[in-house]
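Q: Listed below are the residues making up each chain.
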Amino acid sequence: MSGSNYDAEKYWKKNLRLIFGCLGVWAFVSYGCAILFRPLLAGITFGGTDLGFWFAQQGSILTFIALIFFYGWKMNKIDREFGVHEE
Amino acid sequence: MSQFVINLIFVGASFALYIGIAIWAKAGTTKDFYVAGGGVHPVTNGMATAADWMSAASFISMAGLIAAGGYANSTFLMGWTGGYVLLAMLLAPYLRKFGKFTVPEFIGDRFYSRNARFVAVACLIVASVTYVIGQMTGAGVAFSRFLEVDNLTGLLIAAVVVFMYAVMGGMKGITYTQVAQYSVLIIAYTIPAVFISLELTGNPIPPLGLFSEHSESGVPLLAKLDQVVQDLGFSAYTADVPNKLNMVLFTLSLMIGTAGLPHVIIRFFTVPKVADARWSAGWALVFIALLYLTAPAVASMARLNLITTIYPEGPQAEAIEYSERPNWIRTWQETGLIQYEDKNNDGRIQLYNDDNQEFQSTAESRGWNGNELVVNRDILVLANPEIAQLPPWVIGLIAAGGLAAALSTAAGLLLAISSAVSHDLIKGAINPNITEKGELLAARISMAVAIIIATYLGANPPGFAAQVVALAFGIAGASIFPALMMGIFSKRINNKGAIAGMLTGLIVTLVYIFMYKGWFFVGGTANFPDTAEYWLLGVSPLSFGAIGAVINFIVAFGVSNATEEPPEEIQELVESVRFPRGAGSASDH
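For the protein sequence lines, the chains are A and B, in the order given. The UniProt record's numbering puts the first residue of the first sequence at 1, with every later residue one more than the last. The UniProt record's numbering puts the first residue of the second sequence at 1, with every later residue one more than the last.
Everything labelled a hint here was simulated from the structure, so no lab data went into it. Nothing false has been slipped in among the hints.
Below, simulated BS3-like cross-link-like pairs (lysine-lysine); rule was C-alpha separation at most 27 Å, straight line:
1) B:LYS273 / A:LYS77
2) B:LYS100 / B:LYS273
3) A:LYS13 / B:LYS100
Given the structure is predicted, the values throughout are model-derived calculations rather than measurements.
Based on the provided sequences and hints, a complete structural model is requested.
A: Set out below in structure tokens:
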């Protein structure tokens, strides 16, 4: 680690904030759109059924993939910014 | 060429490939054996993780579960993929930075306690052994159906093949065979799906076909399916679920259980860098998603196909004559997995929901006297190519794919078990001064013993085999996942808190499962019937892992805050796993 303790703390906080954001989306698409809010989305028809069904069987999985790659890309940038990346 | 010879060629060729890889990837050091030398490319590891994760249950059973339950069983799709988000953000990169060989080793070091390590070893062994039984029985079923050998012979062949590459190559051999097994299983799964989607909807991509128009009727496929199943007294395929709390908790339990399963976590110890662990989780999910996005399409299309086979003119018209049933029904009848009984003696096959009271009068007015066809839902994927009348080589491919799914998961589990025994128990406790060579030998012997036990249990599955998946996920989710997460994200959790948390999480979850499923799964010892009216707040025993995890967190925080802070060097250890720099590859020291 190159920086001071102050930097270390800031780096970890940034990571935590990013994780909270990503897990917020993770919960919103799976527990939200696919399960709890499905009755609210019932009005939006999609391929013979409603949007909630699509989220339950396709949308949430696609979002999970996007989230992991987004997190990996963003963390690589943060690692570099704080000089804690590996050679 | 007969179907049998074709199956033999496909299965034989895939096995020759696995053994070839085993000879090429022989492990020379404990580092090769435990973490494949630590230099596996993140995409390669992602593919191996996908094969490691996707078991006989994913390949054979999942589409059948979704076909039977429709929307309600989407929980499996989300639960078994969403755990990878947790792995990528909460566990994999930090455990990779820690850089040791096993999951219990992290728990033992972080909570500076041998007892914590032993609790983790016990959880790991129970979760992995219960899980491996299912793989061995799955392999046995695939063998007996496609190679016409009896179950035990099939099991022994499977055991010998796993023995060859797992004992010789350890993680190194397993990693590269898993890459080959992934390729075999994904091709086997998607080819029939593409043909069926094309036939039913004209769209060659199954996940898109699922939401397309049904070519024959011109209405959307799912609307058509909803209509025909309701015509037969079943609830609509896309029907919503009234008990949302249970659906949320079940999905959450599957997610944290997935993230806490040791055989999946150790795969991330094989990549060179911390950043690679993050990417690798993403690649793993891409490869898993290829199957998981296809499965719901396979499920709905196969269910529609089955009903159209029985009612060629639609459910309002007469069912087919028993004597005119298609060939695949005949073959599967021989295995006992499809059963027919002509209850009203009309020589036709009536398939409908005879549990539905409201449908009773309709059934009676049509002269039906009960459902006559029972189809085991596990055959759906295996019978798919026959239902869609695909050429015989596709059936051979499915046989090889089912075996690849079962064997790749079995090997991963066996490695997790044997490394816990040789590294955590033998080197960690019994004989810390064991030489490198001695430990490698110990690892090979524990692997061999684990295979023998797994084969025995596969041949004589305990009566509770069907229930044990709940057990594996409950243990992983309620004890291992929270312990790992707290070890990384809190510096305040001490040895006492962690052990108290793991034990209460584990015991509460086990007690809740046993209360409804029978104590230690012994029949007749359950305290309550396993139905929704008796569940506490409507929470099923399968969904309880999430509650167990919450209890684990609360107890661990309470006990830790009431007792002393962890020593300075432990707080420094936590600090160091949080930063990628200086990871080096996984090592012993």
